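Please build the complete structure, drawing on both the sequences and the hints.
This is what each chain is made of:
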Amino acid sequence: MIYPKKISAKKTGIIIKILLLISVLVALLLTFINKKTTPDIHWAALSNAGIVYVWITVIYSMNKNINIAAHVMIQTIAITLLNLYIDHLLGDEGWSLNISIPIIIIIANTTMFILTILSSRRYIRYAIYQLIILLLSTLPIIFICRGMIQNVIALSYIAIVISFANLIVTIALSAGDVKDEIVRKFHI
Amino acid sequence: MSKSKGKLEWRKLDNSAKIFPISAGKKYSTVFRLSAILNENIKPKKLEKALKIALEKYNSFKVKMKLGFFWYYFEHNGKEPIVRLEKEYPCKYVNPKTNNDYLFKVTYFKNKINIDIFHSLADGNSASIFFREIIYNYLELVHLEEIEEGIRTTRKVEEVTIEDSYMSNYDKKAKSNNSTKKAYIIKGKKINLGAISAIHQIIDFKQLKEICTKKEVTVTQYLSAVLIYCIYTQNYIYNKDSKPIKLCIPVNLRKYYSSKTMANFFSYITVEANMEKLKTFDDILKFVKNDFKKRLTLEEINKTMSGNVKLGINPIIRFIPLFIKKIIVRLSYIEIRKYTTITYSNIGRVGIIGKYQKYLDYFAMLIAPDPVEKIKCSSCTLGNKLVFTFTSILKDNKIEEAFYRFLINQGIKVEIESNGVLDDISKKN
Numbered sequence: 001m002i003y004p005k006k007i008s009a010k011k012t013g014i015i016i017k018i019l020l021l022i023s024v025l026v027a028l029l030l031t032f033i034n035k036k037t038t039p040d041i042h043w044a045a046l047s048n049a050g051i052v053y054v055w056i057t058v059i060y061s062m063n064k065n066i067n068i069a070a071h072v073m074i075q076t077i078a079i080t081l082l083n084l085y086i087d088h089l090l091g092d093e094g095w096s097l098n099i100s101i102p103i104i105i106i107i108a109n110t111t112m113f114i115l116t117i118l119s120s121r122r123y124i125r126y127a128i129y130q131l132i133i134l135l136l137s138t139l140p141i142i143f144i145c146r147g148m149i150q151n152v153i154a155l156s157y158i159a160i161v162i163s164f165a166n167l168i169v170t171i172a173l174s175a176g177d178v179k180d181e182i183v184r185k186f187h188i
Numbered sequence: 001m002s003k004s005k006g007k008l009e010w011r012k013l014d015n016s017a018k019i020f021p022i023s024a025g026k027k028y029s030t031v032f033r034l035s036a037i038l039n040e041n042i043k044p045k046k047l048e049k050a051l052k053i054a055l056e057k058y059n060s061f062k063v064k065m066k067l068g069f070f071w072y073y074f075e076h077n078g079k080e081p082i083v084r085l086e087k088e089y090p091c092k093y094v095n096p097k098t099n100n101d102y103l104f105k106v107t108y109f110k111n112k113i114n115i116d117i118f119h120s121l122a123d124g125n126s127a128s129i130f131f132r133e134i135i136y137n138y139l140e141l142v143h144l145e146e147i148e149e150g151i152r153t154t155r156k157v158e159e160v161t162i163e164d165s166y167m168s169n170y171d172k173k174a175k176s177n178n179s180t181k182k183a184y185i186i187k188g189k190k191i192n193l194g195a196i197s198a199i200h201q202i203i204d205f206k207q208l209k210e211i212c213t214k215k216e217v218t219v220t221q222y223l224s225a226v227l228i229y230c231i232y233t234q235n236y237i238y239n240k241d242s243k244p245i246k247l248c249i250p251v252n253l254r255k256y257y258s259s260k261t262m263a264n265f266f267s268y269i270t271v272e273a274n275m276e277k278l279k280t281f282d283d284i285l286k287f288v289k290n291d292f293k294k295r296l297t298l299e300e301i302n303k304t305m306s307g308n309v310k311l312g313i314n315p316i317i318r319f320i321p322l323f324i325k326k327i328i329v330r331l332s333y334i335e336i337r338k339y340t341t342i343t344y345s346n347i348g349r350v351g352i353i354g355k356y357q358k359y360l361d362y363f364a365m366l367i368a369p370d371p372v373e374k375i376k377c378s379s380c381t382l383g384n385k386l387v388f389t390f391t392s393i394l395k396d397n398k399i400e401e402a403f404y405r406f407l408i409n410q411g412i413k414v415e416i417e418s419n420g421v422l423d424d425i426s427k428k429n
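Sequence lines, in order, name chains U and H. Just so we're aligned, residue 1 is where the first sequence starts under this note's numbering, counting upward by one. Just so we're aligned, residue 1 is where the second sequence starts under this note's numbering, counting upward by one.
Source of the hints: derived by calculation from the structure; they are not laboratory data. Because the structure is a prediction, the values reported are computed rather than measured. Please note: incorrect hints may appear among the correct ones.
List time: in silico DSS-like cross-link candidates among lysine-lysine, alpha-carbon distance up to 27 Å [to be verified]: (1) H:K398 <-> U:K5; (2) U:K5 <-> H:K110; (3) H:K206 <-> H:K92; (4) H:K110 <-> U:K10; (5) U:K5 <-> H:K385; (6) H:K112 <-> U:K5.
Below, the structure is given as structure tokens:
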């Protein structure tokens, strides 16, 4: 064996199919929860649109071989600020905090999760962006603690859980790489 | 290249090199790789030191690329080169930002050393000289006592320059001989997520040479004919397309002109096989032999080389600002690439001094495939091992497998090594 082990084309195809299936199941589950809990607010439609967005971004970025994590991070910050601003302009109804930001966090973390799974041995490239996204993902905790979220509180909890699950996966997969990078950067 | 009289030294890109940074991108990296497989595991610290010593001797590689208003140019790079464990697919775009501005990347994996080089910096010949220097230095550092002092001190560094040999050898009056016919483009589904498959076929050189002698052809001619035959039987006949299979063969111009440049100095010939007239392997081999004879003459090579030089020195092109050149070149390259079906580069025998050979198993060369030329081939020889490499972004490896079967059926011993992206062929053999 003269090459590092890579995921074969066949296996990559299978992984993509499995993740697509999971995406469909999650979309159906979210629709079901939406119907049962808050049928008047169609937040599941937004989440499902987000899932479609994740796939477009992931496939485009992976095929172009660009640093998708940097894009995800910038888009997360930009869309969050834009939503807060629009909400403020429309009379501070709170939909940005209640619905938009949790959904943005779910989408960003899901994108990073798929990326980490598919980009074998390149986790380190995403580490710093991943950490910033995780930092942003703690926003719903602050909002809940300060009583700023009145509606659809479940969505914020989902966002927090997904963020921490993503953090655990990242640490598990990239701990070795992060350690190597620290040794390289700070050697005396 | 170094600092002199307080001024930072710089140099222009040679005539071939000019085009690569303008046309290159993540999908069209114009990167090629040389790999040396040793008989022992690599020691990274020693490799790093070996690279630094080699860079002192061949400082034309110690450069970074800078953006000018009309063209890119090279400037001395004061940073240290980085040696890394191999993790990525071969021949990927060398991003200077993550590589201390270097235009080449040295990596290692178990008992293998790789160098991925952006084509602006060097062609196969000069890259091979630089790579051999790294290998020699490395072996001398690791086997300090075994390699006699005499060999180390008397091993002379090849005398080289960094002149643009195109400018001193092109013929102003030569007429271009470029073909106007578009080529057959290999069809098939691409591998997902930017992966590149690398399949090495390690061929018994003596057995191959015997067959070539019997058929009165050179090794390059024989392997080119096998390649065309495999494309024809595995891809061409399944697609309704009457365009010729066009095989592009890079030619080392140092063999035709007296030049010791470490910059690019290569041209190419294009074998144009019209498949309506060629049905059997013997037909193809006969055609390839005659076509090589016709095209590999100084006159024909000079026409191709001069045509390309004249394009590069055209006053209108020279004075177009770089950002506009980029747009024009990238748009025209979409068309230009349609004039080649496949590239096969044979850098021939890698000359390694006798005492160093026992530490080496074989060498391999790889060229980056691109969205149009989805498969590229290359070969090189060390001792009795000719390593023929397919780099591909296609999901199926029928052409690679047919190539292997063909040689086996001729009674030639072939072993397979691959990076496992298309693992079927490796599992079968």
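Each hint, compared with the structure:
1. H:K398 <-> U:K5: Holds, because 22 Å separates the two Cα atoms, which is no more than 27 Å.
2. U:K5 <-> H:K110: holds (12 Å)
3. H:K206 <-> H:K92: Violated: H:K206 and H:K92 sit about 33 Å apart, past 27 Å.
4. H:K110 <-> U:K10: At roughly 25 Å apart (the allowed maximum being 27 Å), U:K10 and H:K110 satisfy the hint.
5. U:K5 <-> H:K385: holds (24 Å)
6. H:K112 <-> U:K5: holds (14 Å)
The structure fails hint 3 only (numbered hints given earlier).
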